[in-house]
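Trainee: Listed below are the residues making up each chain.
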Amino acid sequence: MQLALFWIFAVLMLLFGGLVVFLRNPVSSAMSLVMCFIFLAALFVTLDAFFIAVIQILVYAGAVMVLFLFIIMLLDLKGEQTRRINLSAWAGGGLVLFGFVNLLIRVIGSDPRLQMTKPALGSPEISDVAAVGAVLFKDFNLPFQVIAVLLLVATVGVVLLSLRRSATDAQS
Amino acid sequence: MPTLANYLLVSGLLFTLGLAGVLLRRNLLIIFMGLELMLNAANLSLVAFSRFHLSIDGFPAYNAQTFVFFIITVAAAEVAVGLAIIVALFRAKQTVHVEDLDSLRF
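Protein chains in written order, with our numbering: chain A, 1 to 172; chain B, 173 to 278.
Check before you lean on any hint, since a few could be wrong.
[Unchecked claim] Derived DEER-like restraints, expressed as beta-carbon distance ranges:
hint, chain 1, residue 1, chain 2, residue 2, range
1, A, 143, B, 264, 34 to 44 Å
2, B, 275, A, 145, 33 to 43 Å
3, B, 275, A, 3, 49 to 59 Å
4, B, 274, A, 87, 18 to 28 Å
5, A, 69, B, 242, 20 to 30 Å
6, B, 257, A, 116, 42 to 52 Å
7, B, 253, A, 142, 19 to 29 Å
8, B, 253, A, 89, 22 to 32 Å
9, A, 123, B, 253, 35 to 45 Å
10, B, 226, A, 76, 43 to 53 Å
11, A, 121, B, 260, 23 to 33 Å
[What the hints assert, rightly or not] As a list, the in silico SDA-like pairs of lysine to any residue whose alpha-carbon atoms are at most 25 Å apart:
hint, chain 1, residue 1, chain 2, residue 2
12, A, 138, A, 62
13, A, 118, B, 184
14, A, 118, A, 51
15, A, 138, B, 184
16, A, 118, B, 265
17, A, 118, B, 221
18, A, 118, B, 226
19, A, 118, A, 48
20, B, 265, A, 48
21, A, 138, B, 265
22, A, 118, A, 106
23, A, 118, B, 217
24, B, 265, A, 86
25, B, 265, A, 89
26, B, 265, A, 159
27, A, 118, B, 214
28, A, 118, A, 6
29, B, 265, A, 84
[Claimed, not checked] Derived coverage of chain A by chain B (criterion: at least 3 residues anywhere in the stretch with Cβ under 8 Å from a Cβ of chain B; other residues may be distant):
hint, stretch
30, 103-112
31, 115-126
If you're looking for bench data, these hints aren't it; they were derived computationally from the structure.
In this text, a Cβ means the ideal position worked out from N, Cα and C, and glycines have one as well.
My request is simple: use the sequences and hints to build the entire structure.
Mentor: What follows is the structure, encoded as structure tokens:
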């Protein structure tokens, strides 16, 4: 049962991930990316990482993708569909990807320790929000503060970047 | 039951799809989406390792999930800054196609 669910979620996730890359229209790519993130969250649930799954839906499928769609709407892309495909670039990229997948399969197949199944949890009821929160505030308190500063810097940077040139010239 | 190798294979294939987006597509927005796919592939393998490597009292290694939390936060900040840069670029050049942006090419 769990194996079937795993493969359903994994195949659907990879299918939508492929659609992100191979669809020509950026809006369809963005919508496929939303679906891909939702199925990735389902995979996180199969790994008993409920907190990460919820964060994935809220932050990625929600906030980040709304931002993407807003920017696509703002840019008003035209003439994208009519471009011809650069065949040599696709051949070179395909070769790199083929080598990468080949290497990946060999590495994963080489180590028998990777064939382990999921070990049973110590208790059937886990509260991973509390556990992640405890780790976050006890062991990773300094990185947690640093990431708050990072978000502040990103916010200020985005505001600065989106100021129009004429406005900054008028100030100086 | 799915094995650790299954999860790593799916994670690696997702990473490959993201890499394909970065290598093959010429639209900056799609390249950015490829970057997101690669970050998420890394997250998936981290969470898989956390679930398959239990501590002594039988709980997953929550350090890895905390790390994923940090990655998601940094990725959100990165998306905001990157999209602002793309918008600024579009204002200056009226294009998001990377082959039109060759003013730094030697």
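Trainee: Now tell me if each hint is right for this structure.
Mentor: Do the hints match the structure? See the list:
1. Checked against the hint of 34 to 44 Å, the pair residue 143 of chain A and residue 264 of chain B passes, with Cβ atoms roughly 36 Å apart.
2. Taken as a hint, the range 33 to 43 Å holds for the pair residue 275 of chain B and residue 145 of chain A, whose Cβ atoms sit roughly 39 Å apart.
3. For the pair residue 275 of chain B and residue 3 of chain A, the supplied restraint of 49 to 59 Å holds, since their beta-carbon distance comes to about 52 Å.
4. At about 19 Å, the CB distance of residue 274 of chain B to residue 87 of chain A agrees with the hint of 18 to 28 Å.
5. Separated by about 25 Å at the C-beta atoms, residue 69 of chain A and residue 242 of chain B satisfy the suggested range of 20 to 30 Å.
6. Separation of residue 257 of chain B from residue 116 of chain A is about 43 Å and conforms to the stated range, judged on CB atoms against 42 to 52 Å.
7. Hint check: residue 253 of chain B to residue 142 of chain A, Cβ distance near 23 Å, so the stated range 19 to 29 Å holds.
8. The supplied range of 22 to 32 Å is met by residue 253 of chain B and residue 89 of chain A, whose beta-carbon atoms lie about 27 Å from each other.
9. In this structure the hint that residue 123 of chain A and residue 253 of chain B lie 35 to 45 Å apart at CB holds, the actual value being about 42 Å.
10. Distance hint check for residue 226 of chain B and residue 76 of chain A: the Cβ-Cβ separation is about 51 Å, which falls inside the suggested range of 43 to 53 Å.
11. Between residue 121 of chain A and residue 260 of chain B the CB atoms are about 48 Å apart, so this pair departs from the stated range of 23 to 33 Å.
12. Between residue 138 of chain A and residue 62 of chain A the CA atoms are separated by roughly 29 Å; this puts the pair beyond 25 Å, and the hint is violated.
13. As the CA atoms of residue 118 of chain A and residue 184 of chain B are separated by approximately 19 Å, the hinted pair is consistent with the 25 Å bound.
14. For the hint linking residue 118 of chain A to residue 51 of chain A, the alpha-carbon distance of about 19 Å falls within 25 Å, and the restraint holds.
15. A C-alpha spacing of about 32 Å is found between residue 138 of chain A and residue 184 of chain B, which places the hinted pair above 25 Å, so the restraint is violated.
16. Between residue 118 of chain A and residue 265 of chain B, the direct Cα distance comes to roughly 52 Å. Violation of the 25 Å bound is thereby established for this hinted pair.
17. For the given pair, residue 118 of chain A sits about 10 Å from residue 221 of chain B by alpha-carbon distance, which is consistent with the 25 Å threshold.
18. For the hint pairing residue 118 of chain A with residue 226 of chain B, the CA-to-CA distance comes to about 10 Å; that is within 25 Å, so the pair holds.
19. For the hint pairing residue 118 of chain A with residue 48 of chain A, the CA-to-CA distance comes to about 11 Å; that is within 25 Å, so the pair holds.
20. A C-alpha spacing of about 47 Å is found between residue 265 of chain B and residue 48 of chain A, which places the hinted pair above 25 Å, so the restraint is violated.
21. For the given pair, residue 138 of chain A sits about 48 Å from residue 265 of chain B by alpha-carbon distance, which is inconsistent with the 25 Å threshold.
22. Between residue 118 of chain A and residue 106 of chain A the CA atoms are separated by roughly 22 Å; this keeps the pair inside 25 Å, and the hint holds.
23. As the CA atoms of residue 118 of chain A and residue 217 of chain B are separated by approximately 14 Å, the hinted pair is consistent with the 25 Å bound.
24. Using a Cα cut-off of 25 Å, the hinted pair residue 265 of chain B and residue 86 of chain A holds, with the two alpha carbons roughly 22 Å apart.
25. For the suggested pair residue 265 of chain B and residue 89 of chain A, the alpha carbons sit about 24 Å apart, so the restraint of at most 25 Å is met.
26. For the proposed pair residue 265 of chain B and residue 159 of chain A, the alpha carbon gap of about 20 Å is at most 25 Å, so the pair holds.
27. Restraint check for residue 118 of chain A and residue 214 of chain B: satisfied, since their Cα atoms lie roughly 19 Å apart, inside the 25 Å limit.
28. About 13 Å separates the Cα atoms of residue 118 of chain A and residue 6 of chain A, which keeps this hinted pair within 25 Å; it holds.
29. The hinted pair formed by residue 265 of chain B and residue 84 of chain A meets the criterion: a straight-line CA distance of about 21 Å does not exceed 25 Å.
30. Chain B is given as covering the stretch 103-112 of chain A, and this holds because 4 residues of the stretch bring a CB closer than 8 Å to a CB of that chain, at least three being needed.
31. Only residues whose C-beta sits within less than 8 Å of a C-beta in chain B count toward coverage, and the stretch 115-126 of chain A has 10 of them, enough to reach three; the restraint holds.
The structure does not agree with the numbered hints 11, 12, 15, 16, 20 and 21 stated previously, though it agrees with the rest.
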